[in-house]
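Colleague: Here is what each chain is made of, one letter per residue.
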Amino acid sequence: DAGVTQSPTHLIKTRGQQVTLRCSPKSGHDTVSWYQQALGQGPQFIFQYYEEEERQRGNFPDRFSGHQFPNYSSELNVNALLLGDSALYLCASSLRVYNSPLHFGNGTRLTVT
Amino acid sequence: GENVEQHPSTLSVQEGDSAVIKCTYSDSASNYFPWYKQELGKGPQLIIDIRSNVGEKKDQRIAVTLNKTAKHFSLHITETQPEDSAVYFCAARASGAGSYQLTFGKGTKLSVIP
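Line order of the protein sequences matches chains F and A. First residue of the first sequence? That's 86 in this note's numbering, and the numbers climb one at a time after it. First residue of the second sequence? That's 19 in this note's numbering, and the numbers climb one at a time after it.
By construction, these hints were calculated from the structure, which means they are not laboratory data. Some hints could be false.
Here are the computed lysine-lysine pairs in the DSBU-like style, where the Cα-Cα straight-line distance is at most 35 Å [unchecked claim]: (1) A:Lys76 to F:Lys111; (2) F:Lys98 to A:Lys60; (3) F:Lys111 to A:Lys40.
Derived contacts from chain F toward chain A, CB cut-off under 8 Å, selection only [said to hold, decoys possible]: (4) Ala123; (5) Phe130; (6) Gln133; (7) Arg140; (8) Gln141; (9) Gly143; (10) Pro146; (11) Leu175; (12) Asn184; (13) Leu187; (14) His188; (15) Phe189; (16) Gly192; (17) Thr196.
Ideal Cβ placement from N, Cα and C applies to all residues, glycine included.
Assemble the whole structure, with the sequences as input and the hints as a guide.
Modeller: Here it is as structure tokens:
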């Protein structure tokens, strides 16, 4: 049973560029959430997608956008990258049932230079 | 919004001893409290969770307790082993329509000394 998979594992971008990160949820899961984890900090909620729509959004600017596909996989896009966007980006999947446990992938390490 | 405080930030214990990590939350409407273990280079892994209608939950060497009145919850690991060494995060989720996000603490780095 495949867990949550994310790609790429590492990425280096230049300030001002755009980046797309990808996530495939755990088999049977239909809901995808994205979190940003800065070094030495806990994950921070970016947004959650269900039925191809953004269901809830955290305190992140519009430069952060996402998409969910009919097969439940998801993408996170970040435009106009800032140095402060350097972090580990985590994807988590769950069932649509309220309080369904989140299962995280191993993340994408983004470095902005 | 919800705020979760976690203590201590680092914890060292001898192998075989117990470890306790404590968290407090601010939103009295929060009703779901998971704990995650994160090893180096990996994503957080759910190790145990508790809902607000339960005061304690145990799974082998791991237990979680919840005090809704005081708004705090704790993780207890007994008979610690070197493989328990990792960063542990507590989290809370508020109740109510439209509340799907988890708010995490800043983490506790646990070191188990052989």
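Colleague: Please write out, lowest number first, the hints stated earlier that are contradicted by the structure.
Modeller: Of the numbered hints, 4, 10 and 17 do not hold.
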